[in-house]
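There are 2 protein chains.
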Amino acid sequence: MPYRAPVSDIRFILDNVVGYDRVSGTEKFAEAGSDMVDAILTEAGRMCDDILAPLQRPGDLHPATLENGVVRTSPGFADGYRAIAEGGWIGMSASPENGGMGLPISLTMAVNDMMSGACLSLQLNPLMTQGQIEALEHHASDEIKALYLPKLISGEWCGTMNLTEPQAGSDVGALRSKAEPNGDGTYAISGQKIYISWGDNDFTENVCHLVLARLPDSVPGTKGISLFMVPKFIPGDDGSLGARNNLRVVSLEHKMGLHGSPTAVMEYDGATGWLVGPENGGMAAMFTMMNNARLGVGLQGIGVAEAAGQHAVAYAADRKQGRAPGTGAIIEHADVRRMLATMKADTFAARSIAMACAVAIDMANATGDANWTARAAFLTPIAKAFGTEVGMNVAAAGVQVHGGMGFIEETGAAQYSRDVRVTAIYEGTNGIQAMDLVGRKLMDGGAAARALLEEVCDGAEVAKATHASLAEPVWHAAETLGELTEWLVAQELTERFGAATAYLEAFARVLGAHAHLKAAMSGDDARQRLATFYITRLLPEVTSLVQQVRSGSEDVMAVTVEDLVA
Amino acid sequence: MPYRAPVSDIRFILDNVVGYDRVSGTEKFAEAGSDMVDAILTEAGRMCDDILAPLQRPGDLHPATLENGVVRTSPGFADGYRAIAEGGWIGMSASPENGGMGLPISLTMAVNDMMSGACLSLQLNPLMTQGQIEALEHHASDEIKALYLPKLISGEWCGTMNLTEPQAGSDVGALRSKAEPNGDGTYAISGQKIYISWGDNDFTENVCHLVLARLPDSVPGTKGISLFMVPKFIPGDDGSLGARNNLRVVSLEHKMGLHGSPTAVMEYDGATGWLVGPENGGMAAMFTMMNNARLGVGLQGIGVAEAAGQHAVAYAADRKQGRAPGTGAIIEHADVRRMLATMKADTFAARSIAMACAVAIDMANATGDANWTARAAFLTPIAKAFGTEVGMNVAAAGVQVHGGMGFIEETGAAQYSRDVRVTAIYEGTNGIQAMDLVGRKLMDGGAAARALLEEVCDGAEVAKATHASLAEPVWHAAETLGELTEWLVAQELTERFGAATAYLEAFARVLGAHAHLKAAMSGDDARQRLATFYITRLLPEVTSLVQQVRSGSEDVMAVTVEDLVA
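Residue numbers (my numbering), protein chains in the order written: chain F, 1 to 566; chain W, 1 to 566.
One chain only, chain F, in its complex shape (with noise of 0.2 angstroms):
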C-alpha cells in the first residue's frame, strides 16, 4: 500500500487534543483558522502521496554520489525538491516581508511530519533551511536578511548547519574551525566539518552555509564560538550569483539508511563568511536553530512511524498464514493485532507530543507568554526523544510483522528502519534530550513540569465522570510523576543524570495518556479503544521506569569502566 499522508488524524489531534484553536485565536496567528488548516494539510497531503512518496526507494538505491567534487542527487529528487518549494511548505512559517508565509509553527511541524513519512532523505533538506530561515531572522543583520532569506524561502537556496568537526559532536564547544577578518568586514573561514546533512546538491542555485568557527583570541569552550553564513556562491547585492567560495565537499559517509541525503565532509579554506549575529554570540544562534530543528526530528521519528506502521498494517491485512480466525490473515493473531496496536497508538502519543510543543511554541511567540516558553522548552527534548524512539521502536516492529519479507529490501520496511535510526542521533542524541531534561529544563525546580502534570490530572478529573477505567490510572500515573518530579529536583545533577532516560520516558508516557484520553473524550469508538489498549498496556510502564528514576545513579556509576571493559 502506497503512503497516505495522515491528514485527519493531524487534523483530530490539533482540534481534540492539543487545543490548536487557542493559537488561531491569537492576533498573529488569526489567519491561520479551520479553513487555512484544511487547505494547508490537503494540498501538502496530496504532494506527499503522489510526489515525494514515489522518491522513498529510488532515494534508497541510487545514493546522493560525489563525482569531480559535484553532488548529484537520487534520481526525482530534483522535481521533488522543486514542488516543495513550489508549494511554499519550506517559508511557510517564516516572516511574510521575506516571501514566508507567517503560519504557526505548527503548520509547518504538521507538513513536515507528513513529508518525513514519504521521503525523510528528502525531507531533510528544507527542514535545515527552515532552521536557517529561523537563525537568520533572529541574529543576522538586515543586509543578510534582506539578501539570503528571500532565496531561502523561495527554495531557490538552502541552507546547511555546519557545528561538527571530528573532536566536537555533542561537546560542540571543542571545535577548532577558525574564522580571520579579512579587514572589509568578511572573515576567511578555515577548517573541517563533518556530518552536513545536503552538504551540497544539484538542483538549488545556492547553498548556504550557517558555519561556527573561532574568531582569533577568542576564549575557548562555548563561548568563544561565533556564527558565519558561508556561501557556495558568493552574491552580488541584487542576489546574482558571483565568484565560487573556498570551499568544497571532501566526500559523503557511507551511511545505514537515509542514502538520498547526501551527508557531506566539508572543507573550509579561507572561505569568505559573514558573522552572524555578535562576535561569540555563535551559540545562542545555534540553539534558536537547534530548537525547533529537535523538535522538527522529533517529527521526523514520528512521520516514518506514520508510514511503517501503515506499511505493516497493510501487509498484515493481507498475508494469509497459519489458522487465524475472521480473515485468515495475520492481523487475526493477537501477537500481530498486539504490535500494530502498539505501533498506532504510540504514534499517536508522539505526534500529540510533538503537536503539544509545537502550539506552546506557537503562544509563545504570539502571545510573549513565559509560561508558554518555558512549556515549549520543557517539551522540546521529550518530543525530539521520544518521537524518534517511536519512530524507531514502529519501523522496528514494522520488520518484524513482515516477517522474513522484512528483512528483504525490497518491500521497503527495512529501510523506514535503517532511514529513521539517525534521528535518535543527530540534533542532540537522546541521552543529551534526557540530560537538558532533567537539567537546564528542570532548573525552574520543576515549575513547568508542574504545570503540565496538573493540566493531565484536571483533563483526568473531567474524564472521570464519563470514563471513570481511563480516567483513574491516567490521573494515578501522572500524580505519582508529580511526586517523583518533586524527588528529582531536589537530587543533584549528577544523581538526576542516572535516572535522566527513564524520566523522559516516563513523562512521555504520561502525556500520552493524557492525549489518549482526550482522544476517547472525543466520542470517537475507534479512538476510545485504542486509548483503551495504551492506557492498559503501555502506560504501565511508568511503574517500571519510576523504579529506575529512583535508582538514581549509583547502581549505574558502581559499574567501573574496568568492570565494563573486562
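It is worth saying that the hints were derived from the structure and are not from the lab. All values reported here derive from a predicted model rather than from experimental measurement. Some hints could be false.
All copies of an identical chain are treated as equivalent in the list; a pair is satisfied when it fits inside any one copy or across any two copies.
Said to hold, decoys possible - Computed cross-link-like contacts, BS3-like style, restricted to lysine-lysine with a CA-CA straight-line distance of at most 30 angstroms:
#1 Lys223 - Lys320
#2 Lys223 - Lys28
#3 Lys145 - Lys28
#4 Lys320 - Lys178
#5 Lys223 - Lys464
#6 Lys145 - Lys178
#7 Lys464 - Lys28
#8 Lys28 - Lys178
#9 Lys464 - Lys145
#10 Lys145 - Lys223
We have chain F; now place chain W onto it with these hints.
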C-alpha cells in the same frame, strides 16, 4: 578494538551459573570435563579472534553473488569455512561413529556463540549443517546416515533446510512442493523454496538440501508433509560425486544485513530425493532440526550482543567528549554508562539462559529424565526470543553509544544491528516463540515453569544470608511470576496469546536475575556490581510486564482491523 571471544565469561557461566558439572558428571559426557572444556573454548576462541572476526566487514561489503547460476561467496569465507571444518567445530556434538566428537550440546553452543560474535554470516552455514546432522541422526535410514553424515561432519559437504515457500512461512502446513515416487525408492522433488540460507556456495564439494514436500494424495496441512534429502550432486555409494541434480539457485535476496550469507530462492524441477523418516512424518524430523536450531539462533543473538558490546565499550572508553569527569571519555557520562551496563548485564543474562537450556538438553540426552526434556523444551523459546531481542537491543545501543559515527558504516556498529535483525525472525519469529511458550509449553499445566521458578526461589533463599538486598527482589519477582503462571494456565489459549510476548519477557527477566544472583554469590566484586545493576534497574520491568500479561487479549483484540487500517 577487534573482537575477543568471551572465553572466560562462558567458562564462568558453565561453572558458576548453569551447573555444567552435572553434564560432565554423567557417564555419557564423562570425557567433557574441565580440561576438555578449557581446551575447546581456548582453541575455538583463538580461531574466532584470528580467522573469523576479520571476515566480518568483507562479508558485508562484498555480499555473496550469483553469477551464471553459481554462487560466489565473500572474500575469505572459503578459508574461514575451512578453519571451522578442520577444527572439527561443525560436528562437535555429532556421533563419534561418523566422525563426530560426541561432545555435549553445551559446548557446541558455546563455540557457536563465539563464532556468531566473530562473523555471523559465515557461522550460519555450519549452524544449518548441525541441524541437518541431528535430523539425519534421528530420522534417516542407515544407508543415508552412512553416506552423508561423515561428509557433513567433516565439512566436506554442508547442509541446508528447505521449509518456506512464498505462501507457507510460519504456516509450514501450507506448503505445496511435490514428491513423486520414481519407482526405484527415490522421489522426484518439484517446487520452489525461499529464504534458503546458504542455498549454495563455492567452498564445499556438495550441498545437501533437506526439503519438505508432499507425496501424492497426502492429507492437507502438516500431517501430509514428508522430508527428503536432495543433494546438489548425487553421490555414489562410496561418497564420490555423480550427476548434477535438477535443482538450482534462482536468485539471491537483497537483504538488510547478513550480506555474506547467500539467501537463495531454490527451484527443484524433478530433482532426485531420498525419503528421510517415514512418509508423512516430515514435521517430526523438522522439529528435531528446528529445536536446537532455535537455541542456536538465540546464541547468534547473544554472540552479536557480545561483539557489539565490546565494540561500543572500546569506543566509549576512547572517545573524549564534553566535560566528563575521570578520564574525560564518554564512558564517564552516567547515561552512556547506563547503556553499556545494560548491554553487558543483558548479554550475561541471555547467555546464562541459553546455556541453561543447553545443559538441560545434554542432561536429557545423558539421563533420559523427562524433567530435563521438559525443561529444555520450556527454555528453548525463551532462549531464542530473549537471546535475539538482547542481540537487537544491544546492537542498537551500540550504534547509539557511537553517536554520529554509529550511523556511518565504516565503524561496523551499524552492521551488527543490521545483521542481527533477522535472528528475531527466522527459525520461528519471536512472536511464534512466545505463542509456543504459552501454548504448547504450558500444556503440562505449568509444571516445567514451576520447577524453574522453585529453583529461582531456592537460590534466592540461599542468597538471603549473604546478599539479602539482591536476593529479596529476585525471590519476590519469582513468586509473582509463579502466581502469574498459575493464572495464565487457567486462561483460554486465545487469552494467552495476547499475553504471550510479555510473559516470555517477564520469565526471561526473572531467569536473568537468577543468573546474576548466582554470579554475585561467586564472590567476584565486578560481577556483584553488575548483578546489583541488573536487579535494581532491569528486573523491575517485571512489574509492568505482569500487568500486561494480566490484560490478556481483550484490550488487544478490541482494536479492530478497521481501527488499524483507518
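These are the hints, each one checked on the structure:
Taking the shortest Cα distances, Lys223 and Lys320 sit within 30 angstroms of each other only across copies (20 angstroms), while inside one copy they are farther apart (61 angstroms). Proximity of Lys223 and Lys28 under a CA criterion of 30 angstroms is satisfied in neither setting, with 35 angstroms inside one chain copy and 72 angstroms between copies. When the C-alpha separation of Lys145 and Lys28 is checked against a cutoff of 30 angstroms, the pair qualifies only within one copy, where the shortest distance is 21 angstroms, while the shortest distance between copies is 83 angstroms. When the C-alpha separation of Lys320 and Lys178 is checked against a cutoff of 30 angstroms, the pair qualifies only between copies, where the shortest distance is 21 angstroms, while the shortest distance within a copy is 61 angstroms.
Within a single copy, Lys223 and Lys464 get their C-alpha atoms no closer than 51 angstroms, and across copies no closer than 54 angstroms, so neither meets the 30 angstroms cut-off. Taking identical chains as interchangeable, the C-alpha atoms of Lys145 and Lys178 lie at most 30 angstroms apart only when both belong to the same chain, with a minimum of 24 angstroms there against 73 angstroms between chains. Taking the shortest alpha-carbon separations for Lys464 and Lys28, neither the intra-copy value of 36 angstroms nor the inter-copy value of 66 angstroms comes in at or below 30 angstroms. In this assembly of identical chains, Lys28 and Lys178 lie within 30 angstroms of each other by CA distance neither inside one copy nor across copies; the values are 41 angstroms within and 72 angstroms between.
Within a single copy, Lys464 and Lys145 get their C-alpha atoms no closer than 52 angstroms, and across copies no closer than 70 angstroms, so neither meets the 30 angstroms cut-off. For the identical chains of this complex, Lys145 and Lys223 are intra-copy neighbours only, at 24 angstroms inside a copy versus 76 angstroms across copies, given an alpha-carbon limit of 30 angstroms.
Checked against the numbered hints above, the structure violates hints 2, 5, 7, 8 and 9; every other hint is satisfied.
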